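Q: Quick mapping for you: the protein sequence lines, in order, are chains S and C. In case it helps, the numbering used here puts the first sequence at residues 1 to 237. In case it helps, the numbering used here puts the second sequence at residues 1 to 328.
Read the hints as simulated data drawn from the structure, not as lab findings. One or more hints might be untrue.
Said to hold, decoys possible - In silico SDA-like links for lysine to any residue, alpha-carbon gap of 20 Å or less:
#, chain 1, residue 1, chain 2, residue 2
1, C, 85, S, 135
2, C, 254, C, 233
3, C, 85, S, 184
4, S, 76, S, 145
5, C, 39, S, 196
6, C, 85, S, 193
7, C, 85, S, 198
8, C, 39, S, 109
9, C, 85, S, 192
10, C, 39, S, 105
11, C, 85, S, 79
12, C, 85, S, 200
13, C, 44, S, 66
14, C, 44, S, 145
15, C, 254, C, 224
16, C, 39, S, 163
17, C, 85, S, 196
18, C, 85, S, 166
19, C, 39, S, 135
20, C, 85, C, 224
21, C, 85, C, 59
22, C, 85, S, 145
23, C, 85, C, 64
24, C, 85, S, 66
25, C, 85, C, 115
26, C, 44, S, 185
27, C, 39, C, 122
28, S, 76, S, 160
29, C, 254, C, 307
30, C, 254, C, 146
31, C, 85, S, 105
32, C, 44, C, 136
33, C, 254, C, 323
34, C, 26, S, 184
35, C, 85, S, 154
36, C, 39, C, 152
As the list claims (entries may be wrong) - Incomplete in silico selection of chain S near chain C, CB under 7 Å:
#, residue
37, 107
38, 118
39, 120
40, 163
These figures come from a predicted structure and were not determined experimentally. For every residue, glycine included, the Cβ atom is placed at its ideal position computed from N, Cα and C.
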Amino acid sequence: MSDSDTSASGSNDGGDRPEHDSTVELLWRRREFLQTSLSGAIAAAVVNSADASEKNSSLKSSSSNQRTFLLRVNGKPHQLTAEPRVTLLDALRERLDLTGTKKGCDRGQCGACTVLINGRRINSCLTLAVMHEDDDIVTIEGLAQNNQLHPLQRAFVEYDALQCGYCTPGQICSGVAAINELRGGAISQATPDVRNATVEITSAEIRERMSGNICRCGAYTNIVAAIEAALNVSSAG
Amino acid sequence: MQDFRYQRVNSIEDAIHALQQQPAAKFIGGGTNLLDLMKGDVEKPDYLIDITRLPLAQIRVDDNGLLIGALMRNSDVANHAHVRKHYPLLAQALVAGASPQLRNMATAGGNLLQRTRCGYFYDTAYAQCNKRLPGSGCAARAGIAHNHAIFGASEHCIAINPSDMSVALVALDASVRVQGPQGQRVIPLADFFRLPGETPHIDTNLQRDELIVAVELPPARYAQHSHYLKIRERSSYAFALVSVAAALDISGDKINDARIALGGVAHKPWRLNALEDALRGNTLSVLNDDALIALAVRDAQPSPQNAYKISLVRTATRRALAIAGAVT
């Protein structure tokens with residue numbers, strides 16, 4: 001999972017692992033401990049040189065090409081200074097610390113990075129952050145409202161629609177949009193006759209519409225069940 | 001990804017001007033293919049011109065037919081009420097391609113310009129690819145080529161065009177409207193795509209300083225009898241091994257006209273003119289005539305690895321025509 005989009009070193013440390021992993025937490029604590037307690041000069045030298053090289057590299061990598069722009073994520077504006085090559089996915093994870101959105105393939109093939117732009121699902125790995133200045137971006141962190149999980153988040157818990165959880169934020173963002181698309185009468189490959197103005201909600205439709213999200217654990221059956229449940233529970237979007 | 005400079009433009013004229021100022025620049029719209037290729041160092045533009053704010057994201061219906069703005073997203077074209085009702089072949093082809101997320105990003109113009117999915121083109125570890133490095137050779141010829149061309153290939157390139165949308169558009173006699181410094185011109189889609197020949201690095205006849213502004217379709221004639229059939233290694237979210245866009249104009253049991261194009265078999269959508277001619281004026285019963293359907297593969301030149309596509313094309317064409325011709 002190399003990260004060619006960001007120049008900051010060590011940007012991937014632990015960031016791609018499930019947050020609830022206690023081993024990771026311990027490792028982090030241990031790292032912090034080592035960094036702060038190693039005896040004086042050596043530690044300071046190491047830290048300083050790391051700082052220096054990072055600064056140099058960011059200077060070398062055409063700081064003149066950095067752009068400052070605004071990203072509106074989950075209702076909050078964030079000012080960002082980044083090279084244009086930074087993808088929306090990397091901006092969310094590495095700059096805004098919104099690590100709920102996952103980096104799977106980073107090439108638009110797995111759906112782990114799915115977020116909502118102006119209500120529509122997209123792969124955040126295949127778009128540039130700088131291109132989304134005027135957009136409303138919603139990530140998995142923004143789905144809950146007033147401390148209440150989104151109905152699809154609740155359904156994923158209830159129907160055990162995950163195993164390792166890595167694809168789950170993408171599955172849920174994708175599912176939220178899929179539900180809206182289905183309710184809006186959008187067609188899919190599973191639609192028997194695209195000329196009809198309405199689309200029947202079937203499990204074949206749900207499966208086809210979720211085909212852009214890969215689950216290596218194979219939780220598909222329960223993912224479909226969760227989406228069906230969410231479709232039935234709330235009639236409002 | 002190699003660093004690049006970025007400019008956002010607000011008018012078509014500014015877009016073309018920016019392209020003239022920056023010889024190595026590329027336009028970016030949906031970005032789904034370009035950024036993927038840039039991540040793999042296959043494309044290395046030093047300048048990107050963001051055209052997503054241009055006023056080209058609309059559909060217009062008039063007596064001349066349908067005009068699809070180049071920046072219409074694939075999902076919006078597929079779900080446009082007029083497209084669904086009058087050009088269902090196009091709607092079907094669009095939703096057969098990619099994933100919902102990608103269809104929400106990819107534009108009509110960008111879809112026409114997407115590059116081949118040949119693994120040797122994508123993988124820079126291979127020194128040979130005439131499409132990536134003109135004159136370097138073709139690694140696919142001696143490599144894994146089970147999903148490569150059976151029509152119109154050259155010794156320099158056996159890659160295929162991966163688009164579904166373009167297959168339906170070629171069957172529906174679409175044209176591409178482009179704008180350059182001298183103004184606009186319209187290119188029949190069939191002449192827009194190129195065969196590889198000795199210059200496989202040039203996919204289309206779009207000129208260096210031109211921008212696609214629209215796709216144009218003649219008035220709908222095939223809404224009652226058309227079908228897009230896509231055969232692939234899994235049932236969704238995969239590129240075609242073979243696809244068929246079939247459209248018939250029928251009265252009673254007589255075939256007045258036919259339009260058939262294949263995907264996944266050539267460097268461009270492959271129109272089956274000979275089969276169309278054979279069907280025209282015939283009765284629907286000829287759709288069961290295997291000897292006639294075999295015209296679909298008359299010009300095929302398969303390799304041992306992709307000879308399976310011969311029978312696949314025959315059966316898929318027969319099936320697509322049968323579904324399209326079903327009297328409902």
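Q: Against each hint, give a clear statement of whether it holds in the structure.
A: Evaluated hints:
1. C:85 x S:135: violated, 31 Å
2. C:254 x C:233: Cα-Cα ~35 Å, so violated.
3. C:85 x S:184: holds, 16 Å
4. S:76 x S:145: The hint holds at about 14 Å.
5. C:39 x S:196: violated, 40 Å
6. C:85 x S:193: holds, 10 Å
7. C:85 x S:198: holds, 12 Å
8. C:39 x S:109: holds, 13 Å
9. C:85 x S:192: Judged against 20 Å, a Cα distance of about 13 Å means the pair holds.
10. C:39 x S:105: holds, 11 Å
11. C:85 x S:79: violated, 44 Å
12. C:85 x S:200: holds, 17 Å
13. C:44 x S:66: Judged against 20 Å, a Cα distance of about 18 Å means the pair holds.
14. C:44 x S:145: Not OK: residue 44 of chain C and residue 145 of chain S at ~42 Å, beyond 20 Å, violated.
15. C:254 x C:224: holds, 14 Å
16. C:39 x S:163: Given that 20 Å is the threshold and the Cα spacing comes to 30 Å, the pair is violated.
17. C:85 x S:196: Holds. Residue 85 of chain C to residue 196 of chain S sits at ~7 Å (cutoff 20 Å).
18. C:85 x S:166: violated, 40 Å
19. C:39 x S:135: violated, 24 Å
20. C:85 x C:224: holds, 9 Å
21. C:85 x C:59: Given pair residue 85 of chain C, residue 59 of chain C holds - Cα atoms ~14 Å apart, limit 20 Å.
22. C:85 x S:145: Cα-Cα ~38 Å, so violated.
23. C:85 x C:64: holds, 17 Å
24. C:85 x S:66: violated, 47 Å
25. C:85 x C:115: Answer violated: residue 85 of chain C to residue 115 of chain C is near 30 Å, above 20 Å.
26. C:44 x S:185: violated, 40 Å
27. C:39 x C:122: Roughly 10 Å separates the two Cα atoms, so the pair holds.
28. S:76 x S:160: violated, 31 Å
29. C:254 x C:307: violated, 33 Å
30. C:254 x C:146: violated, 38 Å
31. C:85 x S:105: violated, 37 Å
32. C:44 x C:136: holds, 18 Å
33. C:254 x C:323: Within the cut-off at roughly 16 Å; holds.
34. C:26 x S:184: violated, 35 Å
35. C:85 x S:154: Violated, at about 37 Å.
36. C:39 x C:152: Given that 20 Å is the threshold and the Cα spacing comes to 30 Å, the pair is violated.
37. 107: With a minimum Cβ separation of about 5 Å from chain C (threshold 7 Å), the hint on residue 107 of chain S holds.
38. 118: With a minimum Cβ separation of about 10 Å from chain C (threshold 7 Å), the hint on residue 118 of chain S is violated.
39. 120: holds, 5 Å
40. 163: violated, 21 Å
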